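As given, the protein sequences belong to chains X and A, one line each in that order.
Numbered per our numbering, the first sequence spans residues 1 to 322.
Numbered per our numbering, the second sequence spans residues 1 to 393.
What the hints contain is simulated information worked out from the structure, not anything from laboratory work.
Be a bit skeptical, because a hint or two may be false.
[Said to hold, decoys possible] From the derived model, a few chain X residues whose C-beta atoms are all more than 12 Å from chain A:
(1) Ala170
(2) Arg233
(3) Gly273
(4) Ala279
(5) Leu282
[Unchecked claim] Chain A regions said to be covered by chain X (calculated; three or more residues, Cβ under 8 Å):
(6) 19-25
(7) 33-43
(8) 119-131
Quantities reported herein were computed from a predicted structural model and do not represent experimental measurements.
Using N, Cα and C, we set each Cβ at its ideal position, and we do this for glycine too.
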Amino acid sequence: MTAIVEAHGLVKRYNGTLAVAGVDLAIGEGEIFGLVGPNGAGKTTMLRMLATLLEPTSGDAEIAGASIRRNPQAVRRVIGFMPDAFGVYDDMKVWEYLDFFGRCYGLGPAQRKRMIGDLLELVDLAAKRDAYVLSLSRGMQQRLCLAHALVHDPQVLLLDEPASGLDPRARVELRELLRELRSLGKTIVISSHILPELEELCTSVAIVDRGRVLASGTISDIGQRLRVGEVLRIKVLGDEDRVEAARAWFEGRSDVASASRDGSGEIEIGFRGDETGAAALLAAAIRSKIPVVSYSPAATDLQELFLQVTDRDDAVADGTQA
Amino acid sequence: MSAVAARLSLRGRRIPSFRITSGITAIIVKELRGRMRGRRAFIVLTLHVLLLALFAWMFQRLNEESLANVGSYGGQAATYASASVGRGIFIGLMMLQTLMVAVLAPAATAGAISSEREHQTLDLLAVTPISSLAIVLGKLLSALAWVFVLILASIPVTALVFVYGGVAPDDMLRGYVVLFATVIGLGSVGIFFSALTRRTGASTGLTFVTTLALVIGSFFLWIFLSNTSETSLTGQRKQPSEALLYLNPFVAQADVACGTESGGFGGSCSIMSGILGTPDQLIPPDQFPGKPAPAPGIGVGGIGIDPSDTNGVPGVVRLQNGVVIAKGGAVNDIAVAPVVDPLRDRFWPKSVISFLVLATVMTLLSVQFVTPTRRWRPSLPGPVRRLFRGGSA
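Start from the sequences and build out the full structure, keeping to the hints where you can.
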């Protein structure tokens with residue numbers, strides 16, 4: 001897969017504060033790429049630099065081969081940007097809104113007419129064509145704003161927190177829409193601090209904190225690279241004492257870092273070792289007459305990854321300070 | 001929804017090459033759609049014209065009454081009085097409209113860009129290929145278009161003065177040129193502050209303070225300087241530079257009004273002479289420095305009787321800069337030729353140029369504040385840039 005968005009050492013400094021501290025990114029064509037991070041991590045700053053709205057203090061990025069520093073005009077033609085806090089013009093109708101942006105991209109009257117019809121159908125607002133933008137619900141405005149970013153058929157979509165402030169139904173609709181766009185061949189870069197939202201959607205993610213990319217790749221890739229060991233969930237037959245005894249047995253083993261019981265009575269252990277080791281552990285447990293009902297690695301969860309990555313980062317930061 | 005996606009041919013759309021004019025057009029169309037929607041604009045326009053007509057009638061009554069009190073003018077009274085009333089209405093209407101645009105033009109533009117910031121829509125515009133210059137010019141022109149419409153609608157009302165005389169069509173043209181320049185100049189001040197500040201409130205405040213400084217402040221400063229400056233040997237005070245008043249639309253209109261007054265006897269001309277000094281041509285020749293001595297008894301310009309004529313009938317001469325440029329037997333023979341009035345056009349052209357320079361500077365500064373990146377670096381228009389790159393782009 002060729003990279004359509006490439007960043008090399010992007011740095012942005014605001015009055016001495018480092019908002020983005022040297023970011024390298026490579027986003028392949030047709031991906032849905034998630035920028036994950038807490039508020040203030042620098043996601044918005046990164047996206048705004050890619051959208052040519054902010055000039056990097058140093059470093060550069062290319063989108064579809066055009067440099068955001070040297071050729072922002074060419075970049076603007078291939079990107080569609082939806083800012084975090086997007087506005088709507090109060091005295092405009094829905095079709096006029098899209099017509100205006102169509103004119104901004106130099107589309108002719110016939111092109112604009114076709115585009116407005118197509119896009120309103122895509123974002124499911126065809127019935128609202130003559131409604132005033134201000135009268136739309138938040139979710140509809142969000143979809144209209146997404147449609148505005150599509151008027152010139154961009155290759156890359158940069159979406160900053162597109163699902164913030166949406167109710168669950170609108171979120172599902174938005175997710176469907178983004179999948180739809182991916183199937184149309186768009187590359188989508190999306191930032192969010194709501195992790196489950198990205199997990200289902202993204203083909204790869206970058207975990208961002210304090211202006212740095214801590215890890216990037218597909219979710220399972222990052223999981224494998226980061227994990228010192230694996231988290232195993234084990235269900236044991238029997239009453240409270242039985243389970244507690246089993247937990248103690250697991251905890252006593254040298255290849256187990258930790259063992260704890262969760263609310264549902266399952267045992268969760270931090271295991272230092274690979275799959276062969278995990279098989280050996282299971283065999284040993286059965287030899288010790290522990291009635292194991294189920295034994296499985298805990299599903300890789302973006303939230304967990306995120307916590308793990310940012311924890312480590314805290315540890316590093318603490319270490320350097322000490 | 002996948003059925004829709006299948007039908008969509010989004011990939012096939014081609015983006016045509018982009019010119020600055022299409023950007024300006026896009027902004028203007030968008031702005032005017034909002035501004036001209038519904039009946040509001042037409043009601044305001046109608047009220048505006050009706051109010052102007054009411055004021056025109058009041059100016060007419062005022063001037064008639066004041067003339068009636070003066071008494072008889074002999075044989076030419078009716079002609080003179082009618083022209084005087086016409087001038088009165090003209091001056092009144094132009095001053096009134098100047099006051100109007102001095103309020104309306106800054107008010108129309110002061111929120112143009114800051115409101116986009118407040119509504120968080122400026123980013124949406126900035127990521128399109130529209131240049132910052134197109135955004136600023138589009139905003140300026142669309143905001144001022146409404147003021148232009150109001151001014152244009154007033155022309156029929158102002159044209160009523162032709163019924164009375166005293167004002168020529170070219171005087172009216174001068175007045176409207178000054179009015180339009182005022183709108184562009186003061187409007188650009190509003191655009192500048194709306195590009196500079198984040199909030200419309202702040203922008204409006206700064207714009208009106210600046211407008212007041214230009215319109216009233218400059219006049220007070222001029223009066224202050226002219227009354228406190230050092231006195232020369234002849235006991236006259238040194239006049240402050242007239243340039244101080246170039247951006248004062250009322251002084252420019254007074255100069256236009258002065259052009260309609262004969263022989264510099266009207267109120268507008270005395271104001272203008274107070275500012276600019278008496279025109280060289282009207283200074284008696286014996287006090288006139290450094291110019292060839294004119295024919296005795298006549299000024300250096302205008303029409304006069306040449307007493308030196310020897311055929312018994314005094315000849316009529318027309319002079320310019322003290323040199324006889326025409327000579328004839330009767331006054332009418334020469335008066336029909338266009339005469340350069342020394343009291344005309346002494347100030348307002350400079351004022352118009354100053355307003356246009358102001359508008360250019362303010363627009364270029366605004367562009368810097370609208371541009372998200374590359375601030376304070378010159379950005380040449382596309383075609384010019386390509387020229388420098390030798391057509392490689």
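How the hints compare with the structure:
no. : hint    : result
1   : Ala170  : holds, 14 Å
2   : Arg233  : holds, 37 Å
3   : Gly273  : holds, 44 Å
4   : Ala279  : holds, 43 Å
5   : Leu282  : holds, 44 Å
6   : 19-25   : holds (count 4)
7   : 33-43   : holds (count 3)
8   : 119-131 : holds (count 11)
In terms of the numbered hints stated before, the structure departs from none.
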